[in-house]
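Chemist: Residue numbers (my numbering), protein chains in the order written: chain A, 1 to 457; chain B, 1 to 226.
Rather than coming from a laboratory, the hints here were simulated on the basis of the structure. Because the structure is a prediction, the values reported are computed rather than measured. Any given hint could turn out to be false.
Stated by the list, open to error - Straight-line Cα separation of at most 30 Å, BS3-like style, residue types lysine-lysine; simulated pairs:
#: 1; chain 1: B; residue 1: LYS202; chain 2: A; residue 2: LYS91
#: 2; chain 1: B; residue 1: LYS202; chain 2: A; residue 2: LYS237
#: 3; chain 1: B; residue 1: LYS202; chain 2: A; residue 2: LYS330
#: 4; chain 1: A; residue 1: LYS330; chain 2: A; residue 2: LYS365
#: 5; chain 1: B; residue 1: LYS202; chain 2: B; residue 2: LYS158
#: 6; chain 1: B; residue 1: LYS158; chain 2: A; residue 2: LYS91
Listed below, chain by chain, are the residues.
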Amino acid sequence: MHKLTDRWRSTTARLILIYGAFFALWGGVVIGVIHWQAASYLSHVTNDLIGRQASYFSMLDEPTLERGLHDYVSLETRRLNAFGLFDAAGKHLGGAVDALPAGVRVDGPVALLPHGLQRNDGRGNTSVRAAAVRLGDGHILLISHDTSIVDRIGTIILQALLWGLSLTVIPGLLGAWLLSRGPLRRVHAIRDATVPIMRGDLTRRLPLSRRGDELDMLAGIVNAMLDEIERLLGEVKGVCDNIAHDLRTPLTRLRARLYRLQQQFAEDGETGAMVAECTADTDALLVRFRALLRISELENQQRRACFGPIDLADVLREVHALYLPLAEDKQQQLELRLPEPLPGVHADRHLLLEAFSNLIGNAIKFTPAGGHVDIRARASVDGPWVDVSDSGPGIPPDQREAVTRRFYRAESCRSTPGSGLGLSIVSAIARLHGYTLEIADGERGARLSIHCRTVSS
Amino acid sequence: MSRILVIEDDDVTAREIAVVLGSHGFDAERVADGHEGLRRAADPGYDAITLDLMLPGMDGLAVVTQLRAGGVTTPVLMISALCDVDERVRGLRAGGDDYLTKPFAPDEMLARVEVLLRRHGQQRRQMLLCVSDLTLDLVRHVALRGEQQLSLLPTEFKLLEFLMRNAGQVLTRTMIFETVWGFHFDPGTNLIDVHIGRLRRKIDGEGQVPLIHTIRGSGYRLAQID
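Kindly generate the complete structure, drawing on both the sequences and the hints.
Modeler: So this is what it looks like as C-alpha cells:
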C-alpha cells in the first residue's frame, strides 16, 4: 500500500497527472465548442427550412394550400411533419395539431418546443420546431417539424467525444503508473545505498545508470560530494592520528620523568607535593588522551571482529554487580529490572559492558546521595531497550545533543570530576552497533536509553 | 638480580624505563630495533622482556611470534600505541603475557613487570595463600583472618586472590580491573577504590594489623608491614 502511494507521489506520475488534467480540461472545452457549433448549425438549418416552408404556405391560395399541406404531411414518411389550421380566434379547423402552443408567435420566428405539442394522431411528445403564419383569409397556419433527431445528433457527438476523452485518460493514468515505476525503482536503489553511508561508511557511493538522466546527474553530484567529504575526513583523521601518535612518546617521557622526580623528593616537602600534583595532572591527561584515542578508534568503525551473540541480561547483571558498591557508598538504590525473557543481541560484549558502565557510572555520579538509579531492560519488536534512569538534576532538552559531544560538560556539573568523554564513548559504541542513544526526561531525573536494534542481515 | 630486556626505539623512553627498573633492583638492558631484539631475547638469561610493538626493522608482534616459535618462554610485556582490544587480543595470542598501551606511567609498567616475574617464577599454581594471619584456601573456598572466617562475595574472593598472589607488590587500579573483572576500559570513577574499601573493611577489622595499603598515585599493595 505504502509502495503504491509512493508510486503516485513520484515526479513522473505527478507530471503525467497534471498534464492529463490539463488535457482533459482542454478536451472538455473542445468538446463543448464542437457540440455547440454542431448543434447551433443544425438548429439554424432546420429553423431556416421551417421558416421558408411557412412563408411558402402563406403565399398559396386555398386549394393549392390544401394539397400542399397534404403533401407536407404525407410525403414525409416518418411523419415528422405536422400542421394545424386555426381561425383568427384560434379555433381548430384542421390538421394534426390541436391547439396553438403558447410558445409560438404568429408571423414570429421559428420556436423550439422541447416538450412537443398537442397532436391528435398520438404523436407529439418529442421536441419539435414550429412556426405560425397568418394566411390571406385571416386563418392561422402552424407547421411543425420533429427535430428530436437533430438534438440527438448533438448528444451523440457529445457522447462520442466523452468516450474518446475517457479512453485517452485511462491509458494516460496507466502510463503514469507504469512510467513512474522505473525512476522509483532507482530512487529506492539510491535510498538503499544511502543507509550504510548514513551509518558512516563513506566508501559507499550512489548507484549510477548508463542513461545519464536527471537522477544520474543528481547521484553524480552527491557522489562527488561524498568523495570530497571522504577526502576531507581522511585528512582530518590523518592529522588527528599523527597528533595522537606524536603525543604518545612525549607524554610517556613526561610521565616517566615526573615519576623519577617523585622518587627523588619526599612527598611531604614542597617540591615533592608539587611533583605529586603534576603527576596526578599528567595521569588525568593520560586518561583523557586514551579516551580520545578510544573514541576515534570506535569511530573508525573497524571493530567488528569481536561481534557475536550476547546475553544482554547477563551483561546488565555484571555491570549492576560492578556498580552496586559504588551506589551503596552514596546511599543510593541501584535497581536492576529485567523482563523474562530478554532477547539476545548481536554485539561486542566488551563494548556493551563499557557503554553500560559509562551510563551507570554517570548516573551514580550525578545523582545526589540517597537517590535512585534504575537499570531497566524492556523488549520491543525491533530489539530490546536498556534504560538507565536516575533521580539527579536531569539533562535540559537543549543540552541533550551536546552532551554526547567530546569534552562537553553541562554548566551545572562543572564542579563534578570527569573528562566529559563518557557519553561520547557511549554514543560511539552505540553508533558502531547501529544502536541509538536516546536522552529523555525520566520520572525523577534523566533517562538515558540504548535501543539495541536488531539489524536484519 | 632479575635481568630485563627493554626493546624500545625511543631513546628517552628507553632510558626512563631503564632508570625506573634499575631503581627497583632490576638490571635493565636496552635494544633499539626488532632484529637485534629478537637475537638478544633468545638468550635464556633474561627474566622478562618489555617489547614495543612499533619497532624499526621488525615489528614487535613478529618478534614475539618468533620467540615463542623458538621455544623461548621468557614473559613478555607488550607496549603498544594501539589501545584497540582487537590489537590486545592479537598480541596476547601471538604469545605476549601482558599488554600496556602508550602513553603509560612507568609505575604501571613496573607493577606489570613485577607481576609477570612473580607469575613466571611460580612453578605450580598455589592453592593455599597466606599473608600474615590472612589465609585464603582456594580448594575449600574459605578465607580466614586469624581464626575468624570471612564472608566474601565471589568478586571479593577473586580480588583478594589477586592481591594475595601478588602480595608485597604494588597493583594498579587498571591491573586490578583487568585481572579481577576482565574489563579493558577505564572505569572512570573511584570504582576500584570502593571495591577495595569493602574488602578492606572485611579483612582489616578493628584492632588488627592492616594488610591492604594504598600506594598514592599508583594503586594498592597487600602486605604485612612491620
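Chemist: All hints, please: hold or fail.
Modeler: So, going through the hints one by one against the coordinates:
1. B:LYS202 with A:LYS91: With Cα atoms ~136 Å apart, B:LYS202 and A:LYS91 exceed 30 Å; violated.
2. B:LYS202 with A:LYS237: 49 Å, violated
3. B:LYS202 with A:LYS330: 19 Å, holds
4. A:LYS330 with A:LYS365: With a Cα-Cα distance of about 9 Å, the restraint between A:LYS330 and A:LYS365 holds, given a limit of 30 Å.
5. B:LYS202 with B:LYS158: 14 Å, holds
6. B:LYS158 with A:LYS91: 132 Å, violated
The structure is inconsistent with the numbered hints 1, 2 and 6, although it conforms to all the rest.
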